[in-house]
Amino acid sequence: MATTYVRSLGARTTRRRIYFEHFDPLLLLGLLTVILFGMVILYRDQDVMIGQALRVGVGFVMLVLAAQVPPRVYLRWTPWVYAGGLALLLVTLFLGVTVNGSRRWLELPGGLRFQPSELMKLAIPLMLGWYFHRRGLPPRFRDVAAGLLFIAAPAVLIVRQPDLGTALLLTAGGLGVVVLAGIRWRWILAAVGLAAAAAPGLWMAMREYQRDRVRTLFDPEHDPMGAGWNIIQSKTAVGSGGVFGKGLDQGTQSRLDFLPESHTDFIVAVIGEELGLVGVTLLIVVYLAVLARGLYIATQASGTFARLAVGGLMLTFFVYVFVNIAMVCGLFPVVGVPLPLVSFGGTSVISLLAGFGIVMSVHTHRNW
Amino acid sequence: MADPFDIHGLGTEGRAFTVRALVVFLVALAMMLVLLARLVQLQVVEYDSYRIRSDDNRIQVRALPPDRGLIFDQRGGLLADNRPARSLNVVTELIDDLDGVVEELGALVDISERQIEDFHERIARRRPFEPVALRMNLAEEEVARVRVNGHRWPGVEIGEENVRYYPLGDLMAHAVGSVRRVNQEDAQRLDKRRYRGVKFVGRLGVEKFYEDVLHGDVGWQHIEIDARGRIHRILDETPAVVGRDVTLHLDSFLQGAARDALDGRRGAVVALDPKSGGIRVLVSNPGYDPNLFVTGIRSDLYQELASSRDAPLFNRAVQGRYAPGSTFKPVVALAGLAAGVTDWERTIVDRGEFRLPGRKRVYRDWSWTQGNAGGQGIVNLRKAIYRSSNVYFYDLATRMGVDALSSFAAQFGYGEVTSVDVADAVPGVLPSRAWKMENRGDRWYDGDSVNLGIGQGDLLVTPLQLATVAMVIANRGHWARPRLLRESGGAQPGFDLGEPRPRVAGVTDADWEALVDAMADVVHRGNQGFRENGTAWFHIGRDDLGYRMAGKSGTAQVVEIAQGEEYDEEALDEYSRKHAWFIAFAPAEDPTLAVSVLVENGGGGSSVAAPVARAVLDAHLRPRLASL
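Going down the list, the protein sequences come from chains C and A.
Quick note, our numbering runs 21 ahead of the 1-based positions in the first sequence.
Quick note, our numbering runs 51 ahead of the 1-based positions in the second sequence.
Derived from the structure by calculation, the hints contain no laboratory data.
Keep in mind it's a predicted model, so treat the numbers as computed, not measured.
Note that beta-carbon positions come from the ideal geometry of N, C-alpha and C, so glycine has one too.
One thing to keep in mind: the hints can contain errors.
[As the list claims (entries may be wrong)] What the simulated footprint calls covered on chain C by chain A, stretch by stretch (three residues with Cβ under 8 Å from a Cβ of chain A suffice, anywhere in the stretch; the number is not a length):
{"hint": "1", "stretch": "296-303"}
{"hint": "2", "stretch": "343-349"}
[To be verified] Which residues of chain A face chain C? A partial, calculated answer using Cβ under 8 Å:
{"hint": "3", "residue": "Leu86"}
{"hint": "4", "residue": "Tyr101"}
{"hint": "5", "residue": "Arg196"}
[To be verified] So these bits of chain C aren't anywhere near chain A, every CB distance computed over 10 Å:
{"hint": "6", "residue": "Ile71"}
{"hint": "7", "residue": "Leu114"}
{"hint": "8", "residue": "Val120"}
{"hint": "9", "residue": "Ala220"}
{"hint": "10", "residue": "Ala248"}
Using the sequences plus the hints, can you model the full thing?
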């Protein structure tokens, strides 16, 4: 990496070199590998394949652009982006498009749709980084409290959509930033204890359909043709794949439509079915490698903002990966979250790649 | 504060962050290890059960119902065929609002309430995604209407299946029986494996008795389906084994002749081949069209059939129980000979009246009418038969006693089912002392013997039983148990021919021949003057038959006629009139067909039933004579 860094110090920088010098090859390799996993499953449906390729293309354009922008610019713009994201969430609550009973989408002129909560995936880590950057580390109690407010504000708006899953995941990512910021371990322990104590309260606050999802997790056979269907079919797909899988394109659970959402939220079940334990393990290893590389970049970053922003982006990314796979394996209730960079649909790929653009920017602009 | 120029990020704060990042990564690693452990659990430890589960999802076993074996008559004529019929089937899994769709379909094809009920009953028994028939036997235009509109309802389809068809319709209804659609009751009774996917089961007659032979073996198909139940491919297949064909002794030609001879009257005709016991004719009139029942009969039509006073659904030939009347006399005669209480020479004077010693009650001859009580004059056994003298047999039965008579008659199969393969045949009643005590709670009186002597009282027979009696006499006491089956393709597993029955004991060959001669006189003895002609001669014996026929008429009372009252046919309701019987066989020397004819409420056996018997024997013998 040092070479990259040294070269970027050179006086003459061609346009061509700018484009490529702000990439981190290792991270890029990891991302491409992950994306490839998705493509291998999605290729059999041409429309889906084209749609995904399009999104990946746009995502990489965003990545390239985001990587060119130096961290200080992000630092300057973060409050505005965050405030804008909050505003969009507010607008969504009133003007959003209702799909399956929840308002998550904003429709732009021309029929384009996007989820403001996707934007918050980037904005929350950036905002926390921005805030703690100004406050100094380790954070004092009131700084932590303020930081939690920055997480809570969008989370509440997203819960109202309602999209509890996304809200929880963003919160988890945000809390990761707080942990990285250096909050004392004993506070963390206290928070965990508090959360455990509050769990019954959370149960009371949950809506009936949400409780059903939790109940279903523990006893999917209670309603195998209804609520339990997804989780039963998903576990069946994964389990029947065995060690080496049924072979590409041989997954009967997905090919014969027993597995719902096989292109989107449950895509890892297809990987498990067709590529087996070996395939999923490989995917997990690549994800861990991406996480490791990202966290390494964070440790190498100069400045609190850059470190926390990158760390937060990476943790948010990881939380999505973990929760999605845990859901497919029947360890978590069914929350509608995509598997990062693999699932088809939505704007997730684009916002994620944009996020990685920021990560790369941080890494290649350490001399700012 | 962070130092923006700490380019390596290795300040105090940076180091703290690095530690944190490392801890966080280790936590993430641990979480991923949990996931991996879970994956190992699913994909390695529990692999087998999920593999099975996944196969259960996609692989379904579909039953391939076998084609039912065909039924032929002895000339090779088809009695039961399989014909493709189209039905309106529904895959209920693919339909949200079933009632709504059924209602909409009702606008395209006729669907009765009962069919909807049956439909729901079948739904309860079907396998997932198995199409369930809502209406069967669709007409061509109904098929077209459904096809045009079918796209509106995924899950509604036109199915084609083989359905039993009886080409001869009502002619063979009672002889061959029929299949019915498997209902709830059947489903519980039948072997689930052998009948998977099978929609019809034999319910009556040959179809019922030879169900196991005709049914065949269900085949199996493993098919791969998707979550919507669509079939993707056939994985493997064990073809169904077609049921074995069955050839019967029945003769459609003779059957038709018998039915025509009955000429619409209620009654039954049974004809047996004396050599084999093969049932050549089994008519119960009126019949019904069994095809109506195969796929479910309209309820109003069924009500009409079931409640008709003519009882078309009732198989008189094997289930109708009637007093045999004078057709019993030949058996009484043989019993008397066997018991040694009479011989062919002994005579009595028949004045048309009989009294038990010391009793007042008068038993009369059949020829008795008020103002004319002549009787048959001097009567020996032969004349007692061809003139059907009641008085002779009153006397004979009384002197012989019930024990000798009842046990002798039992040798002819009275009171039991001797047929081998006639479904639902009933045994009738052969009274005896023990029987009377058990069933009437009373002892046997001499008056009972008097009545029994002329085949009245508690003695009850079916037309099949009387045909059997005629056959045993035709065989001079030798037995062949009546049977329908002539042959079936291949072996006949478990087909029980029954214990061979011994020749009727106690009767000499000369007695047999004399009896046959006496019975031939019933038909052929004519132009002999007042009360000297055979009872049936005037009705069937006056022209040249071309063969010698032996017979015996019988007339069975339906209502009790009070002492001293006249039986006035005109005054009686049609359904209270006497039943007419005639049993016969021919050629008398070496019989090839034995017949019993019953005409319900027909009146005189000789005048009404005998011509039917002759028509059947003519149909049987005349074509052969012509070909000689």
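Self-check item: Hints not upheld, ascending by number
Solution: 5
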